[in-house]
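Enquirer: Okay, here's what each chain looks like letter by letter:
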Amino acid sequence: MGRIVFYFFRWADESSVGAAIRASTWVFAFIEVFHLLGLTLLLGTVVLVDLRLCGYGLRRQSIAEVASDALPWMLVGMAVTIGSGSLLFVSEAMKCYGSPPFFVKMGFLFTALVFTFTLHRKLTKRNTPPPPVWGKVAAGLSLFLWFGVGLAGRAIAFY
Amino acid sequence: MSLFDICQALQDSAIGTSIRESLWTFPVIETIHILALALSVGMVVMLDLRLIGAGMRHTPAGQIMGQLKKWYLIGFGTMAASGVLLFWSEAAKCYRSDSFRIKLLLLLLGGLNALYFEIVYKPRMGQWETGQSPPAGAKVCGWCSMILWIGVIGFGRWTAYGMK
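Residue numbers (this note's numbering), protein chains in the order written: chain V, 1 to 159; chain W, 1001 to 1164.
Check the hints yourself; a few may be wrong.
Straight-line alpha carbon distances no greater than 30 Å define the calculated BS3-like cross-link-like pairs of lysine-lysine that follow [claimed, not checked]: (1) V:K136 <-> W:K1139; (2) V:K136 <-> W:K1070; (3) V:K122 <-> W:K1069; (4) W:K1069 <-> W:K1093.
Calculated directly from the structure, the hints in this document are not laboratory data. A quick note: this is a predicted structure, and the numbers were derived from the prediction, not measured.
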């Protein structure tokens, strides 16, 4: 299994896309700007919904209304962040292979995605609001997971 | 004494030097600066999208602004505080960076755009109910806001790369 993971990283690192991004000094930076713009939209919508779950922010709207309004833009934010992130990854896959925070980040990302589209979504989709305690637990977990992705991602630059 | 001398003195000051040379301080402040984007620009974009008619249909624009104001003010406060500390540690480098100058200019324009909206459109926001479209001028403010903030983030990242 470890060997397959290693081959995958090697394959990404040796791809022509990765080489093309590496060859230019500004393409990487340009993609990273998109990564940040996607992050702003993604974390912004996550915070909006989780604030509401805790009883803050858009309190005059129901949880379901806020969540359904935020969803399309959360998906756009995810698509931009993950798309640009994949390009950044192939341009330095071997560096990522040697970076513990990268694997921590992927762990957080996977957990955050699963949680967001299952339990969290189920809780925010219902027309009857969840018990406040559960809303707060779900919001806290969601914020922890998504900001964990961001923090671990930042740490890749150091390890 | 030129503006550059002031920037150089800031950068060379005890606080500037300690932020720059510490292993953790600069990256920690920088991370806060990036993650606070969610509360600052992230919240304002929700209002902008509502203004241009691209989402948040369940909430009238006036209610978005009223209910989120506290949160994006916290966000922008965090941005400003962390940004000042980052600038303090690299003021002379920022002075020479064209990206940083463009970022400041776009930041100023973004502020003026928000101020214009506050004065001209905010008093009338209660009139635009859920289904009703905001006036054309308010939509233009929404577009300007989004474009300017994208520019601020982009040139901010460019500044961090030390590019011209």
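Enquirer: If a hint holds in the structure, say so; if it does not, say that too.
Expert: Hint-by-hint comparison with the structure:
1. V:K136 <-> W:K1139: violated (35 Å)
2. V:K136 <-> W:K1070: It holds: about 20 Å lies between the C-alpha atoms, which stays within 30 Å.
3. V:K122 <-> W:K1069: holds (28 Å)
4. W:K1069 <-> W:K1093: Judged against 30 Å, a Cα distance of about 34 Å means the pair is violated.
In this structure, the earlier hints numbered 1 and 4 are contradicted, and the remaining ones agree with it.
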